[in-house]
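Use the sequences and the hints to build the structure in full.
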Amino acid sequence: MKRSSSFPPVPLLRDSRGAAIVEFALLAPVLLMILLGMLGYGQYFLLAHSTQQLANDSARATIAGMSAAERLSLANATMARELLRLPEIRPGTASLTVAEAPPTITVSVRVDASRIGLFHVKLLPMPNPVIERSAVIQQGGVL
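Taking numbering that gives the first Met the number 0, the leading residue of the sequence shown gets 0, the next gets one more, and so forth.
Simulated DEER-style distance windows between Cβ atoms:
(1) T103 to F23: 54 to 62 Å
(2) R80 to V29: 42 to 50 Å
(3) P101 to K121: 44 to 52 Å
These aren't lab readings, by the way, just hints derived from the structure by calculation.
Even for Gly, the Cβ is constructed at its ideal location relative to N, Cα and C.
The following block contains the structure:
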């Protein structure tokens, strides 16, 4: 009696027809975690850089102020204007403080990224979602 199968008989130990799908099933979660890690840390570095840029721009704006209240107002106005150009930082998640210790002014910006992107996904070990950066500038110009 002749077999109806179009495949020749192959011993089970040498049959590798399903090996690729098994290998993919084993490696897919690892590759997915690596991809999510790259996206998550890329987003963190973007937010950290944007936070530092906010602090730098706000500190530069304080040079024009004649009093502490005016310097604080200039820094807040600069941060509000810059936040319109930064879609990665949601409104209401950033705060600014200005500290004066003559002859320097320190502008600190704090961004809470806990509800932004991959920070709220608990699959990856991510850095602290509260990003704080500061910039120091001398009153009246450069240090």
